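K.L.:
Spelled out, the chains give:
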Amino acid sequence: MLVQFYNVSKVYSNGVKALNDISLKIDRGEFIFLMGPSGAGKSTLVKMLIREEVPTRGQIFVTSRSIVRMKRSEIPVLRRNIGMVFQDFKLLENKTVAENISFAMKVVGANSHDMRQRVTEVIAMVGLKGREDSFPNQLSGGEQQRIGIARALVNRPLLLIADEPTGNLDMDTSLEIMELLYDINRKGTTVIMATHARELVKNSYKRVIMLDAGTVYSDGSLGEVSI
Amino acid sequence: MNTMRYFFSETLKSLRRNQLLTIATLSTVTICILILGAAVLLTINAGKFINQLESDLEMMVFVEDSLDKNDLADLGRKIKQIPGIKSVQFISKDQALAKLQSKFDAKQYDLKKTVGDNPLPNSFKVKAKKPRDVPQIAKQIFKLEGVYKVNYGQGMVERLFHITRWVRIISIILIVLLAMGAVFLIATTIRLAIFSRRKEIYLMKLIGATDWFVRWPFFIEGILLGSMGALLAVILLALGYGTLVNNMQTTVFFIPLINNQKELLEIYLSLFGAGAVLGCLGTIISLNRFLDV
Chain A
1 MLVQFYNVSK VYSNGVKALN DISLKIDRGE FIFLMGPSGA GKSTLVKMLI
51 REEVPTRGQI FVTSRSIVRM KRSEIPVLRR NIGMVFQDFK LLENKTVAEN
101 ISFAMKVVGA NSHDMRQRVT EVIAMVGLKG REDSFPNQLS GGEQQRIGIA
151 RALVNRPLLL IADEPTGNLD MDTSLEIMEL LYDINRKGTT VIMATHAREL
201 VKNSYKRVIM LDAGTVYSDG SLGEVSI
Chain B
1001 MNTMRYFFSE TLKSLRRNQL LTIATLSTVT ICILILGAAV LLTINAGKFI
1051 NQLESDLEMM VFVEDSLDKN DLADLGRKIK QIPGIKSVQF ISKDQALAKL
1101 QSKFDAKQYD LKKTVGDNPL PNSFKVKAKK PRDVPQIAKQ IFKLEGVYKV
1151 NYGQGMVERL FHITRWVRII SIILIVLLAM GAVFLIATTI RLAIFSRRKE
1201 IYLMKLIGAT DWFVRWPFFI EGILLGSMGA LLAVILLALG YGTLVNNMQT
1251 TVFFIPLINN QKELLEIYLS LFGAGAVLGC LGTIISLNRF LDV
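One line per chain: the protein sequences are A and B, in this order. Numbering-wise (the numbering used here), the first sequence opens with residue 1 and increments by one. Numbering-wise (the numbering used here), the second sequence opens with residue 1001 and increments by one.
Don't read these hints as lab results, they were simulated from the structure. A quick note: this is a predicted structure, and the numbers were derived from the prediction, not measured. Where a beta carbon is used, it is the ideal one built from N, C-alpha and C, also for glycine. The reader is advised that the hints may include incorrect statements.
[As the list claims (entries may be wrong)] In the DSSO-like style, the derived pairs of lysine-lysine whose C-alpha atoms are separated by at most 27 Å in a straight line are: (1) Lys95/A x Lys71/A; (2) Lys47/A x Lys1199/B; (3) Lys95/A x Lys1013/B; (4) Lys1149/B x Lys1139/B; (5) Lys1048/B x Lys1143/B; (6) Lys1086/B x Lys1149/B; (7) Lys1099/B x Lys1149/B; (8) Lys202/A x Lys25/A; (9) Lys90/A x Lys1013/B; (10) Lys106/A x Lys1099/B; (11) Lys1113/B x Lys1130/B; (12) Lys1048/B x Lys1127/B; (13) Lys1199/B x Lys95/A; (14) Lys1013/B x Lys1093/B; (15) Lys1103/B x Lys1078/B; (16) Lys1129/B x Lys1113/B; (17) Lys1127/B x Lys1103/B; (18) Lys1139/B x Lys1080/B; (19) Lys1013/B x Lys106/A; (20) Lys1080/B x Lys1130/B; (21) Lys1129/B x Lys1139/B; (22) Lys90/A x Lys1199/B; (23) Lys1069/B x Lys1013/B; (24) Lys71/A x Lys1149/B.
[Claimed, not checked] Per the computed footprint, the stretches of chain A lying under chain B, defined by three or more beta-carbons under 8 Å from a beta-carbon of chain B, are: (25) 33-39; (26) 97-111.
[To be verified] Here are a few chain B residues that face chain A, going by a calculated C-beta distance under 10 Å: (27) Thr1003; (28) Lys1013; (29) Arg1017; (30) Gln1019; (31) Asp1094; (32) Ala1096; (33) Phe1195; (34) Lys1199; (35) Leu1203; (36) Met1204; (37) Leu1206; (38) Ile1207; (39) Ala1209; (40) Val1214.
Okay, chain A solo, but in the shape it has when bound:
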């Protein structure tokens, strides 16, 4: 078991109830779509997984470790096992493709030899070979998201969380990104993808967790749940 949520609730200090008594289990190697309308609690759930937010009530375990009781100094270790992909890519504009990716390895103190080797590897994996020295603004949206994915993968995370990764992309590019994410999942990385895009989920035959008003509305593979 990779992730477990036990009766997790979250009420923000302004009184907004984001999550209400959520229990979930996610196995290693799964590919999960997290769906629901705006304000359903998708972002809060994702933020809790990386310990950006803590639940008001309940427990969350990642690799059998409680991340609720985790000390501040232990948070970086948790985050190094989780790769994050963002809707707005969050790339550093003044760094090249290779630098944006190696940045994630520098942050965790990797040595330069390992860094060079691994960066070349992930750049090939996401299909950006030959673009290493380009700057993000010289690339298309899809290519920029590929940098984001490479950066999330470079430290070999157990879990990849993609928060609306296709939100800023057209349909064809979105499908390419989806293929890349499926490929990463096939190689063993657990993937959780929060999305609004029903058309990407429809033919995926993956597990879909539907959230609505802070609760799990439905949880199952396609056919078992209606989206």
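Let chain A serve as the given structure and place chain B on it in line with the hints.
P.N.:
Then chain B, alone, in the frame of chain A:
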């Protein structure tokens, strides 16, 4: 090693990328340290002047004429035994008259002839170890037998101490306020630098950077800006103070200005250190808010 190189290269990149902000911070620190340094030099010089004024304080103990040689020696011993006494010097009637006479021109005015019998009393010139104890010691001496008057500039001395105490308090408050102002200004400019990189900091934290990994480049930047600014200020201050000392020694020579190279070097080094510390403090104040991810 790799990480250290990363910290320094990040610092240099940030300084280069935010050139305008770098210049703004640098000049802020320079001006702050310059004012702070001027205040410190002023305070130290005022303190020295005050110390000199205070150490000049002495008591004149006048004794009754009826005391013979033995009584005088006895009284001298008794005064010496009072705790806090630094020195006791006996001045006989004749010495007193001679001293008075020396103030007049002997040829024009012979005091001895004019006044006949020497009317001046025997006396002791007494100095206290701590000038502040003078009024209290004077009271004790006055109680001794054979003493008829103790003079130390009553009233004036108390007022002097009152003034010097306030000068000291005000200068300390001034320095503390200036230092606080400097920290605030540096913190604000560093906060602007951090704000322009908040996206990067957020990303670093999400990727799994420790707080210290994020902090170090900013710390180095803060310390570098603080000490570079302080260095500039110290150079300006040293030039300005050197010129001032040279001019004042010829015009207002009675005000003692510190001109001891070792002492001055210590002050300048402290100011330089203060710049680095202020830079560091400014970074701590500004950074923690952005690390809370």
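K.L.:
What's the verdict on Lys1103/B and Lys1078/B, does the C-alpha distance respect the 27 Å limit or exceed it?
P.N.:
Distance of about 32 Å is beyond 27 Å: violated.
K.L.:
Holds or violated: Lys95/A and Lys71/A, Cα atoms, limit 27 Å.
P.N.:
This hinted pair is violated, its Cα atoms lying about 32 Å apart.
K.L.:
Next item in the hint list is Phe1195/B. Is there a CB on chain A closer than 10 Å to its CB?
P.N.:
violated, 16 Å
K.L.:
Is the hinted pair Lys1048/B and Lys1127/B satisfied, with a Cα-Cα distance of at most 27 Å?
P.N.:
Cα-Cα ~19 Å, so holds.
K.L.:
How about Ala1096/B: closest beta carbon in chain A under 10 Å, or not?
P.N.:
Since chain A brings no Cβ nearer than about 79 Å to Ala1096/B, farther than 10 Å, the hint is violated.
K.L.:
Take the C-alpha atoms of Lys1099/B and Lys1149/B, compute the straight-line distance between them, and say whether it is at most 27 Å.
P.N.:
Holds, at about 19 Å.
K.L.:
How does the segment 97-111 of chain A fare against chain B when you require at least three residues with a CB closer than 8 Å, holds or violated?
P.N.:
holds (count 7)
K.L.:
Given the hinted pair Lys1013/B and Lys1093/B, is their alpha-carbon gap at most 27 Å?
P.N.:
It is violated: about 81 Å lies between the C-alpha atoms, which goes past 27 Å.
K.L.:
Would the hint linking Lys106/A and Lys1099/B be met if the CA-CA limit is 27 Å?
P.N.:
With Cα atoms ~84 Å apart, Lys106/A and Lys1099/B exceed 27 Å; violated.
K.L.:
Check whether the Cα positions of Lys1199/B and Lys95/A lie no farther apart than 27 Å.
P.N.:
Judged against 27 Å, a Cα distance of about 13 Å means the pair holds.
K.L.:
Regarding the pair Lys1129/B and Lys1113/B, is the alpha-carbon distance no greater than 27 Å?
P.N.:
violated, 40 Å
K.L.:
Do the alpha carbons of Lys202/A and Lys25/A lie within 27 Å of each other, as the hint requires?
P.N.:
holds, 22 Å
Against the hints set out earlier in the document, violations occur for numbers 1, 5, 10, 11, 14, 15, 16, 23, 24, 25, 30, 31, 32, 33.
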